[in-house]
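> Each chain, letter by letter, is given below.
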Amino acid sequence: MSMLARIAYRNVRRHRRRTLLSGITIAVGLVLFLFTDAMFSSVERGAIDDMIALSVSAVKVHTRSYLAEKESRPLGDGLPDVEAVRAFLARDSRVVATTPRTLFFAQVGNGVEMLPVVGTVVDPEGDPAVFSLPDYTEGRYLTPGQVYEVVLGKSLASDLGVALGDYVTIYARTRNETHNAEEFRVVGLLDTTDPALNRATVVISFETADDFLDLDGLVTEVDVALERPSRFEEYEQAMKEVGSAVVQAFPNLGVETFVDVGAGFLAMVRGKRAFSWVFMGVILLIAAVGIFNSVLMSVYERVREIGVLRAHGLTPREITWMFLLEGFFTGLAGALLGVTVGAVVVCCTVEVGIPIHRVVGQEMTAGIPVWGTLHGQWNPGSFLFAFLFGVSVALVAGWIPSRTAGRMTVTDALRHV
Amino acid sequence: MALLEMKDIHKSYRKGTQTIPALRGVDLTIDRGEFLCVVGPSGSGKTTLLNIVGCLDVPSSGSVRYEGVELVGMSETDLAAYRRDNIAFIFQSYNLIPVLTVLENVELPLVIEKKYGPRERLERAKEMIELVGLGGMEERRPNELSGGQEQRVAIARALVKEPLVVLADEPTANLDSDTSEEIVSVMERMNRERRTTFVFSTHDPLVVKHAQRVATIRDGRIFSDERNPR
Numbered sequence: 001m002s003m004l005a006r007i008a009y010r011n012v013r014r015h016r017r018r019t020l021l022s023g024i025t026i027a028v029g030l031v032l033f034l035f036t037d038a039m040f041s042s043v044e045r046g047a048i049d050d051m052i053a054l055s056v057s058a059v060k061v062h063t064r065s066y067l068a069e070k071e072s073r074p075l076g077d078g079l080p081d082v083e084a085v086r087a088f089l090a091r092d093s094r095v096v097a098t099t100p101r102t103l104f105f106a107q108v109g110n111g112v113e114m115l116p117v118v119g120t121v122v123d124p125e126g127d128p129a130v131f132s133l134p135d136y137t138e139g140r141y142l143t144p145g146q147v148y149e150v151v152l153g154k155s156l157a158s159d160l161g162v163a164l165g166d167y168v169t170i171y172a173r174t175r176n177e178t179h180n181a182e183e184f185r186v187v188g189l190l191d192t193t194d195p196a197l198n199r200a201t202v203v204i205s206f207e208t209a210d211d212f213l214d215l216d217g218l219v220t221e222v223d224v225a226l227e228r229p230s231r232f233e234e235y236e237q238a239m240k241e242v243g244s245a246v247v248q249a250f251p252n253l254g255v256e257t258f259v260d261v262g263a264g265f266l267a268m269v270r271g272k273r274a275f276s277w278v279f280m281g282v283i284l285l286i287a288a289v290g291i292f293n294s295v296l297m298s299v300y301e302r303v304r305e306i307g308v309l310r311a312h313g314l315t316p317r318e319i320t321w322m323f324l325l326e327g328f329f330t331g332l333a334g335a336l337l338g339v340t341v342g343a344v345v346v347c348c349t350v351e352v353g354i355p356i357h358r359v360v361g362q363e364m365t366a367g368i369p370v371w372g373t374l375h376g377q378w379n380p381g382s383f384l385f386a387f388l389f390g391v392s393v394a395l396v397a398g399w400i401p402s403r404t405a406g407r408m409t410v411t412d413a414l415r416h417v
Numbered sequence: 001m002a003l004l005e006m007k008d009i010h011k012s013y014r015k016g017t018q019t020i021p022a023l024r025g026v027d028l029t030i031d032r033g034e035f036l037c038v039v040g041p042s043g044s045g046k047t048t049l050l051n052i053v054g055c056l057d058v059p060s061s062g063s064v065r066y067e068g069v070e071l072v073g074m075s076e077t078d079l080a081a082y083r084r085d086n087i088a089f090i091f092q093s094y095n096l097i098p099v100l101t102v103l104e105n106v107e108l109p110l111v112i113e114k115k116y117g118p119r120e121r122l123e124r125a126k127e128m129i130e131l132v133g134l135g136g137m138e139e140r141r142p143n144e145l146s147g148g149q150e151q152r153v154a155i156a157r158a159l160v161k162e163p164l165v166v167l168a169d170e171p172t173a174n175l176d177s178d179t180s181e182e183i184v185s186v187m188e189r190m191n192r193e194r195r196t197t198f199v200f201s202t203h204d205p206l207v208v209k210h211a212q213r214v215a216t217i218r219d220g221r222i223f224s225d226e227r228n229p230r
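Protein chains in written order, with the numbering used here: chain A, 1 to 417; chain B, 1 to 230.
Bound-form chain A, shown alone:
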């Protein structure tokens, strides 16, 4: 009824300070939620994309036997027909690029000490279409035609005390089970968001590895880059479908998708995201107490008014509605304020971003491999959710005092001084 809404609205306006306080509390809760949601969404997406682009790739194709023993990085178990696999994948419109790689265990030394590393053999021309290592390389990346060059993790170089242009010795077991050691010139240093890459990786070319490891063109995996839909669920689906298609076409091969390899990471990121809910929950609980108190005060200040309205024929339910509307208007004001300020804050995080190194330092990214300037991400669904949640909290909080108003006896209310 419009008159009830008018009375409720004007009472909310009459007690501006009280309304403002409750509204601001709701708004703060929503802003914090929207901010953390925008940042976690961005971190989640950024971290996943980084992991895929730096080391994991969306889909990896190995032989089944290699998959069973992949922890030991066996060099005797290469893909039988790499080009057939790549040609098959190229026919799928979701596949952006493919590249061959071979992984091996090695030790790298500076003449004084040796450190264990994982070696990655890459095609310097094709690899950047799937992995973004050149973007994170100080100095330069591997060049086709140049042999016995290496790109080292930057932390590893630091541990060994070597710099660009210096030589390191790499010891490894070849495909023929013999041991080999050669001098490599350091041409690039990897400074990525993945500490494991920085600390324990060496990257060499197939041209070098054919000689150094007697590879003779052996490829242990084909890495696949897929188109990136904005929703991760679609991305995940595409990975699974492409993987299944490969296994169907090549029964001797096995696949690993990012979802398999990064399952632990995904669980961790989603666990951290739950913090944004806890933030919002605690602050909205405070807001709910404020609204409860606000509506209850309003009820007890206007007991005689309740009596008069009841005497004029308003039913208990209509009285309850009138006070519930007061809670609703407070919640509406708070939710509108919250999503408006939230939109400004998220806009700032999207456009300007947060220089994460300056805020938390390089070593404190809470286990999530992101750094540089972290930009927020718009989530329209979160705004809608936050708005509805803010209003709902106000309605729930206002319900008990409103019902108290509706249940008052008319004669008691009229006698109230």
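Since the hints were derived computationally from the structure, they do not count as laboratory data. Every value quoted in this text rests on a predicted model; they were computed, and no experiment measured them. Don't be surprised by glycine CBs; every beta carbon is placed ideally from N, CA and C. Each hint should be verified, as a subset may be incorrect.
[Stated by the list, open to error] Derived CB-CB ranges, DEER-like:
#1 B:117 - A:396: 34 to 44 Å
#2 A:388 - B:31: 52 to 62 Å
#3 B:76 - A:2: 17 to 27 Å
#4 A:388 - B:116: 33 to 43 Å
#5 A:9 - B:117: 19 to 29 Å
Go by the hints and put chain B onto chain A.
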């Protein structure tokens, strides 16, 4: 048929373990268009009687009939509907809704009644405001009015829906004698022109002087019921 018939009304309240009788067997019949005063000392049961007449309270026993319709035993929602359609109240402390203007306060019972459209509600409310002599003050809030003006608004609010009965609980208690005289005159005029039934609970001799009928209540019983020649 009488407008209101109350038969053997008993009402008692519980206070802790004690039961306090407020009305002890009241019989009262009120006809349409009466201007009736209920007088008596404090605690005699005047307000309790008015509350029962106004369907704000239910008797512990006895019968209350409006135009032959028995109200005892009705649900709270039905009683609210009955009040909404037939009964209006004027209170000692006016009890206007502070956040509404004079016009909105007067319009309120019509909004609750849901019988008229917005335009007709507005016309009726304005007409009633003119009738109580407050034309031009429609947009004022209650805190911008004097006590007498507030009570006039309360009268306009009570009469706007043309109720069967207007119940007025000490309507002049907070007013000076000149204002009281004006207010009673307004109500008397309404009674005369519209045949609206008025039932007062009062101590004010001025109101009693204007009443056609005076019922005296003492210790929860009707002690005397006399007609005044006006």
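> If a hint holds in the structure, say so; if it doesn't, say that too.
Here is what the structure says about each hint:
1. B:117 - A:396: 34 to 44 Å: Because 36 Å falls inside the window, the suggested range holds.
2. A:388 - B:31: 52 to 62 Å: 58 Å, holds
3. B:76 - A:2: 17 to 27 Å: 24 Å, holds
4. A:388 - B:116: 33 to 43 Å: Given a distance of about 37 Å, which is inside 33 to 43 Å, the answer is holds.
5. A:9 - B:117: 19 to 29 Å: Between residue 9 of chain A and residue 117 of chain B, where Cβ atoms are some 22 Å apart, the hint holds.
The structure is consistent with each of the numbered hints, conforming to all of them.
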